[in-house]
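Q: Sequence:
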Amino acid sequence: MKVISIVGYKKTGKTTLVERLVSELSKYGTVGTVKHTREEIFPIMGDTERHLESGAQVVVGVTPTRSAKIMKMNDLKSALKQLSQEGLDFAVVEGFKDSDVPKIAIGDVEASNIVARVDINASAGELAKIAMAQPDHVSLDYLIAKIKKSPKVKEAGAIGTFTGIVREVAGDEVTEALEFESYDEVMRQRIKAIEDDLKKKDGILDVLIHHKTGRIEAGDDIVYIVILSGHRQELFPALSDAIERIKDEVPIWKKEFTVSREFWVHDHHDH
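Reminder that position 165 of the sequence shown reads as 165 in the UniProt record's numbering, one-by-one numbering, no gaps.
It is worth saying that the hints were derived from the structure and are not from the lab.
Ideal placement from N, C-alpha and C gives every residue a C-beta, glycine not left out.
Each hint should be verified, as a subset may be incorrect.
[Claimed, not checked] Derived CB-CB ranges, DEER-like:
1. M132 to G214: 15 to 23 Å
2. K10 to Q134: 19 to 27 Å
3. E53 to T161: 35 to 43 Å
4. V62 to N113: 31 to 39 Å
5. Y183 to G46: 49 to 57 Å
6. S78 to N113: 42 to 50 Å
7. D108 to L52: 36 to 44 Å
8. V60 to G214: 30 to 38 Å
9. H231 to N74: 39 to 47 Å
Work out the full structure, taking the sequences as your base and the hints as a guide.
A: Here's what the structure looks like:
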């Protein structure tokens, strides 16, 4: 899922550009949006509030024409996680100037992580090109949702996953973080080759692999493998094969940061 935010001062046309961008991105995939808005937009009253006060973390109100999800979690990260779980291709955010997501800024507004500045006349094509150039925001939930949309899902009897995480304690060593570097295009090509080869195996219907780069803190996710198969018997050998091939074939270098030192790790996939 590619994420982009539109930010600007009040009355500068943020919603207009969001509408323009969403309409264009919808030609290429599914789109969700997040808006930084005032609380009074969602009235805190009646049965919905009673549900929340009784302990519900999420309330979904269903009407004859649409539904609304109201959550106690009120941060951008939680909202993007909800969109990710839907397996959407794009998320367009309106506002949240201080977040770490990539941003298209209108005029001279100040914000973090601005990747482009435009004015209200920016075309839909220009905005979409910026959005599609952003890195993918990937979670395990996102990949599971995507693989469930596979054309071959009707033939499937199992979905198997593997998640590699940053090990914090190994013997006497305490790791604070790992940092991964790669040649991005080569990494994508090698991962695609592994996915394609695995899909040639009997009973393997679809494969999705994602390996993160950059600094990853202890306990956080590094790599995801999701496999759709006809039966469980084919699933587990394919997962094992995928893990080993990533270790052996994908050019990614790992630096380890411990409490006492930092160093490059030769066996760069020993998670």
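Q: Hints first: check each against the structure and report whether it holds.
A: Consistency of the hints with the structure:
A beta carbon spacing of about 20 Å between M132 and G214 agrees with the range 15 to 23 Å that was offered as a hint. Checking the proposed 19 to 27 Å range against K10 and Q134 shows it holds: the Cβ atoms sit about 25 Å from each other. Take E53 and T161: their Cβ atoms lie about 36 Å apart, and the range 35 to 43 Å holds. A hinted range of 31 to 39 Å holds for the C-beta pair V62 and N113, which are about 36 Å apart.
A C-beta distance of roughly 56 Å is found between Y183 and G46, which places it inside the suggested range of 49 to 57 Å. Look at S78 against N113: about 19 Å separates their beta carbons, and that is not inside 42 to 50 Å. Between D108 and L52 the CB atoms are about 40 Å apart, so this pair conforms to the stated range of 36 to 44 Å. Checking the proposed 30 to 38 Å range against V60 and G214 shows it holds: the Cβ atoms sit about 35 Å from each other.
One distance hint, 39 to 47 Å for the beta-carbon pair H231 and N74, holds here, with the actual separation near 43 Å.
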